[in-house]
Structures are given as C-alpha cells and as structure tokens.
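Asks: Throw the hints in and build the complete structure from the sequences for me.
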Amino acid sequence: MAVLICPECGAENAPGDESCWACKTSLEGVDAVDVSQQEDRVEDGLDFVTPSDDDLPALLNALKADGDIADISEGGEEKMAGDSPGSESEKRPDVDESGDDIPEWLRRIRQRAQEEKDSVGEITQKISAAQDSLAEDRSGSHHENYAAWLESLRIEAQQNPEKADMEGNESKDEDVTFSDKKEPEWLRKIRREEGKTSDELGSEVLSSEDLKGDSLLQWLVDIETGKAKPESLLEAEEIESESIDMEMENKPRLIEGQDSGVTREIPVDKEAPQGYRLEVSREEQLQADQLSATIVDETAARPARETKIRRGKWIFRVGVAVVLIFILSLSLFSKFEFDLTGDFVKPQQTAIIAWIEQLPQQASILIVFDYHAGFEYEMSLKAEPILQELMDSVSEIFVLSTTETGVLLSQDLLDGINGIEGIKLTHMGFIPASNYAAFSLLADANSVWQLAYAPEAVETLPQRDLDGVIVLSDTFEGSRIWIEQHQSRFNQVPLNLIVSAQAGPMLLPYYESGQVNSIISGWTDTRMIEKGRNEEKPIAFIWQAYRAGVLMMIILIVLGLLFVSNPIGDENTGGAR
Amino acid sequence: MTISELIWGAVGFLLTVMILSYLIGDNVFFKLAASIFIGVTAGYLAVLLIKEILWPYLVQPIITGPWQTRLWMGIPIILIILLILSQFSSLKGLGSIPLAYLAGLSAAIAVGGAVFGTLLPQSRAVIDAFDRGNWSSPSIPAWRILLNALVMLIGTLSTLSFFYFGRKWKSDPDADPTQRPFIFHILGKIGQVFIGITLGAVFAGVFSSALIALIGRISFVSRFITQFFGGN
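Those protein sequence lines, which keep their order, are chains Y and H.
My numbering applies: residue 1 is where the first sequence begins, and numbers increase by one.
My numbering applies: residue 1 is where the second sequence begins, and numbers increase by one.
Please note: incorrect hints may appear among the correct ones.
Said to hold, decoys possible - Here's a subset of chain Y near chain H, in silico, CB distances under 8 angstroms, partners left out:
1) V318
2) E378
3) G416
4) G419
5) N435
6) Q487
7) S500
8) Q502
9) M506
10) Q515
Stated by the list, open to error - With beta-carbon atoms standing in for the labels, derived distance ranges:
11) Y:E421 with H:T64: 31 to 39 angstroms
12) H:I154 with Y:E421: 51 to 59 angstroms
13) Y:G422 with H:S21: 42 to 50 angstroms
14) H:L45 with Y:R317: 31 to 39 angstroms
15) Y:I555 with H:R144: 31 to 39 angstroms
16) H:I38 with Y:R317: 21 to 29 angstroms
17) Y:A301 with H:G196: 35 to 43 angstroms
In short, the hints are calculated from the structure, not lab data.
Positions of the beta carbon are idealized from the N, C-alpha and C atoms, including for glycine.
Replies: Below you can see the structure in the form of structure tokens.
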C-alpha cells in the first residue's frame, strides 16, 4: 500500500493528502512510498538483529544501533556470522551509512538528527552522556575494562575464525538450542559464573581479570547473580523495593528457561547502564535543597542581628537592675513604713508564739540548721525574733547542722541572741544526709539502731523527750524530710518550721493536716512576729523595700505581657519559615 | 571599725560587686568570684567531713573504742575500700556493692517516710476536712471550712488525674490511643489549674527569696560604705 511519508515528522499519510495529519506540513511534492516494501525492509532490518543480539543489554543495543561500535560488531559477531556460508545474515541487506539500502525517510531522519541535536532521542542522549562521562573518566577502570573486553571479543573472533564458522554453521541446525550456540561470549561467561551451563560450555574458564575488580563485566555478573543492584534502585529502594524484588526473582526463571532453548531477553534492567547516575525525585530534591539551606543557614554569619539583639537585651537587663537597685535603696533608707492591720496575721504565725508561751520551764529543744549561706540574711532575720522569744523559757538547746555551712551559721546566729549565755548549748555537729540524720536522731532511744554504735550526736540527745523541734531550712525538700521522719517516729513533739519564702507555699499542706505546729516563711510572717512583740527593728524598713521590689516585678511582668512581642514564637517558627 | 572588720568587710564588698557585675554579662570578675566560692566551699567541706565525720565516727572509734566497736567499724571500712577500688576499670563492679547498700537504705528510709509522713497523713487530712466535728471553729465559719475541704478534695483528685496516663485494657481498637478516658480528661484539665497556681506560688517564693538576698546585699554594701566613711 502506498502512503505519503511526512518529511518533517515521518508520519504516514494517505495518498492524496495535502498536508500531514500530525504536523500539518505540506505534502506537496512528496512521493508515495510502498509501505509493504518498507515493512519488509524494516522487518528484514529487525531480523538482522540476531537472537544473540536480543540478549545484549540495552546499552550495547543502543550503542550498536547508534553506530558507535558498528565496526566492532562487524568485526566481531557479524564477521563471525558472515564467514559462515549460507547463513541468513549474509543474505540480509546491510544497513550501510552510505545509504544505498536505506529508505529515503530514514535517511532524512538521520540527516536531521545530525543537524539538530534536539532531534536525538532521550535514550540516545543518555547514552551519549554516559559515553562522554566514561571518556572523561581517564582513571576509571570501568571504561578501560569495558574497552578491553570489547577488544578482547574482536581479537578472539579474529584469532578463532573456526570457532566463529562453527557457530555460524551450527546456527543452521534447528535442533541445536540457541542458548548454547549463538549467545554472546559475555553471556556465556555470566552463565558459567552461575554454574548452570558450565558442562555444556566445556573447560573454558573465565579469566580472573574479568571477574575481579569493578569492571563492567563483573558488575553485569553481580547484577545477574543478584549480588549487586543498580544505584538508582538503591536510591529508590523504599519505594520500589517490591517491584525490584519481583524483578530479581524473575531473573533466575529467565535464566533457567534458557536451557529449554527459548529465546528471551537478558534479564538486565534497561536502566542498568545508568546505574551510576543518581536519580533524584522531585521530593528528594526538595528535601536535599532544604537540608543544604539549613546547613548554609547554620553556618552563615549574621553578626549584625545577633549583636543587635544581645545589645538590646544587655541594655534592658542593666536598666532593670539599676532601676530595681535604686528603688530598693530608696525604700530601704527612706524609713517610710506602712502600718499593718491584724488581718494579715495567719494561724501558722500565731501558733509558734502560742507554743513558746506554753513551753515549760527548763525546756529543751532541738534546732536543726538546714539552710545555706546564701539564705543567711533571710533566715537570720526570721529566726532571731523567735529565738529571742525562746530565751525566757528554754534551758537547753541542741544544735544540729545538716548543711556544710550550718555549723558556722548556727554559731553566728546564736551569738547574736541576747541571753544565750545562760542557756546550755550542745552542738551536735554536722551530719551530711538529712534523711539519715532525721531518721537516726528521731529514732526511739531504745531502738536496735543504737545498740551497736550510735553516732555521737545521738548520744548527746537527752534520754527524755524533747519539748520541741525547730527546723531552719531554705528548701522544701529539706523541710519535708524532717516532717516525714518526725511524723513517723517522733510525732508527739511539736515541730516548728522557719523556712525561706521559696519553701513556704509547698509546706502549707503539712500545717493544714496538723503535722507541723507552725510555719514562718515569708517576711510578712516575720514582720507580724516583730509587731506582735512590740519591737521596732530594721525588719520593718527592709520589709518596705521588699514590697517595693515585688511591686516593681509585678509591673515588669504586666508590661512584658502587654508590650513585648513573642520571642519564643519567633524562634520556634524560624524553621517553618 | 577594727582592722579585721575592715578587711573582711572589704572582701565581702568586693565579692558582692564582682558577683553583681554579671549584670553586664559574663566577665572575668564574676568568674573569679565564682571560682573563689567554689574553691572555698570544696576546701571547707573536705575539712568539715574529716573533722566532723571521718574522725569522730570512723578513726576515733577504731583507735580508742572497744573491740566490739572496732569490729563494727570493719563494715564501713570494707564499703569504703570497695568504693575506692571501683575507680579502677577492671574492678568497676565492686563499686556496686556500697552503692547498692546506700541506694537501698535511702529508698527504705525515703519510702517509709513518704508513706507514713506524707501520703497517709495528707489523705487523712482531706477526709477529715469533711468531718462535721471539725466545722465548729469559733473563728472560721462552717461554710468556709466546708469550702476549703471541697477545694482540697477537688484539687487532690484533679491533680492526680492530670498525671493519670492509662486507658482501658480492652478499649476500642479504632480509638485514639492517646485519648484518656473522659472523666480523667476533664479532671486533668481542672488539675492543670491547680498545678499552675502551685507553680506560680513556688515561683513567687523563689523570687521572694532572691529579692530578700538582693536587699541583704544592698544593705550590707551601704552599711560598709557608711562605716568606712565614718558613719554609724
């Protein structure tokens, strides 16, 4: 059947068409072509690809079709085939670049392909890129081994024409299986490597050079045997793992089928020649870009903004500190005092005064110093009024330290109490662990713990019950330990707490439950005690400074809530942006 | 002002100023003062432990005590030796014996104290708050006592519910595993309020203590300057 071949796109058009149906190019002057002849020629051309060529990997087919290794093929396999008289390949029309037997349309396409780079197909472009890459890699062993292998094929064919003739003659024999006779040398080596056709292939042994190193042949062998996977598959392993596994599982079946003489394709992925090219999806590319941007952003220097923020913070911090110190100093030295009403007095404050008033004459008490030097100012101001009140009824005081500086702090505090000279002071020393100290000291005098060897501090305790225990502590945990041990082993003796302001709120439930007789925590409590004793000490003025400082902090917090932006949000959303 | 008071007052003044210099950022004066405090504390603690612990409770009983006491002292000596030997890599396992003794003893004392000193008394306090016999206070009206008891009960239950992260053993497999039971979810939301109030009170206490310490330092510095220049 005659058709009109479009000179532009090569599409077939019916005779009589004025323009191409595909590209609308005018078909004026185009001669009709008999398609049946062309199909025969094409079929002949396809038949020219021998069964052994079907087994060639895609790269080799593409290279061969591209003409780059035409001479090698002609010098190798085709020569072997051509030397055999009567072979079918001898009768087939050769596809010569001179164009003698090439149809007109194919010649035009080739001519355009040479003139226009864009007309080259994607596969050809990839192959060309791979060839360029290999050519640039001077030290790459892939190219050398590949070239050496191809050269060895040519030399082997030239040196053993008998073998080629024999293979050519055997190709006529229909009873002889293709896989044994016409398969290429490299495929036989692969199969020999797998050990499936070693008997049929005789005693020929693979050279060690072909199987060692990272040559292309070795890579093909590894692909065939499943020892290696194309890099592109490794990159997309999670996504395409199932399809890859199925493909790899199919390979042995294909190889096994070769024994039955059925023509089949080499089970090598068409993308295998591109295995060394990294294939990156769009999502992966975005992630890589994001990672690169993050790394660059982390290492990028931004001194201007950082300096600005730090300087601003520094100025703000110093400004607040200066204002705070100024206000505190002003309040401290102004001698201005607010009068307090009795409504501020709390039950836990009055309880300690009531306990002191109810103490018997010649009472003995235990004072535990469980605070550190940093709280000395606060604790001494709170404890002084209480200890001063105790001097009237107490005859013996046992002093125990559970912090390192407790010994010194106790001496410093007690030395400042008027009337301490007439009191019997027993320093029990320092016991480092509050838990052990509380447990051992508050244990029953007849406990088995004291039978063997009791610490000296325990032996100094009176054999009778104490009249009270006062714990001076700066932390909630330190106070809680004494409360717990006291409750479980010594609960008949009143326990009084003089603690820092930071420990007070957490200890109130113990007062509510009756485990603690009294609690003095904040400076308000201390001021109430002082006011109840009708004494005017510096506590009143210090308390004014304290209130001024609290007021300033409240103002700062409110201003911060109203005016300061959301720095945390800015920091957290930095990555998202 | 005596010479001794002047010297130690000057040292205290300088150290205070060096610590306060942290306001302008980390600097060498602040580091110097901090290093002095750390070194003095470590040295003082070492001397204190030897004087107050090792000598009276270990060395002196061995030297002067009867043979029963010396025998008893063998236990801490063995534990001390094991702890020292554990510093060698090949004998590291020996250190687990004294550490296990310490951990076990601490746990026993702490757990006993927590159960009998906190858990049971606090639970009983919540229950006793609803006792009508405790409502007859002359100073506080009964409704306030009852309200206080209710707040304590709700606060205790809701706070405990906030820290409850369990779910039914055989629940709907399609249900969200992170979703707590409805009642615990509601009580947990209420518990957040109580926890927030508690943490706010703790923060206020910490700030209060820090403010008092600052006032104390300002008072000390002003007093020193006043005395240095001849004031009272």
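Asks: For each hint, tell me whether it holds in the structure or not.
Replies: Status of each hint after checking the structure:
1. V318: 5 angstroms, holds
2. E378: 4 angstroms, holds
3. G416: At about 15 angstroms, which exceeds the 8 angstroms cut-off, the nearest Cβ of chain H leaves the hint on G416 of chain Y violated.
4. G419: 24 angstroms, violated
5. N435: 5 angstroms, holds
6. Q487: 4 angstroms, holds
7. S500: 5 angstroms, holds
8. Q502: It holds, given that the least Cβ distance between Q502 of chain Y and chain H is near 4 angstroms, below 8 angstroms.
9. M506: Holds. Min distance 7 angstroms.
10. Q515: 5 angstroms, holds
11. Y:E421 with H:T64: 31 to 39 angstroms: 32 angstroms Cβ-Cβ, so the 31 to 39 angstroms window holds.
12. H:I154 with Y:E421: 51 to 59 angstroms: 53 angstroms, holds
13. Y:G422 with H:S21: 42 to 50 angstroms: Since the Cβ atoms of G422 of chain Y and S21 of chain H sit about 45 angstroms apart, the hinted range of 42 to 50 angstroms holds.
14. H:L45 with Y:R317: 31 to 39 angstroms: Hint holds: Cβ distance 33 angstroms, inside 31 to 39 angstroms.
15. Y:I555 with H:R144: 31 to 39 angstroms: 33 angstroms, holds
16. H:I38 with Y:R317: 21 to 29 angstroms: 24 angstroms, holds
17. Y:A301 with H:G196: 35 to 43 angstroms: 41 angstroms, holds
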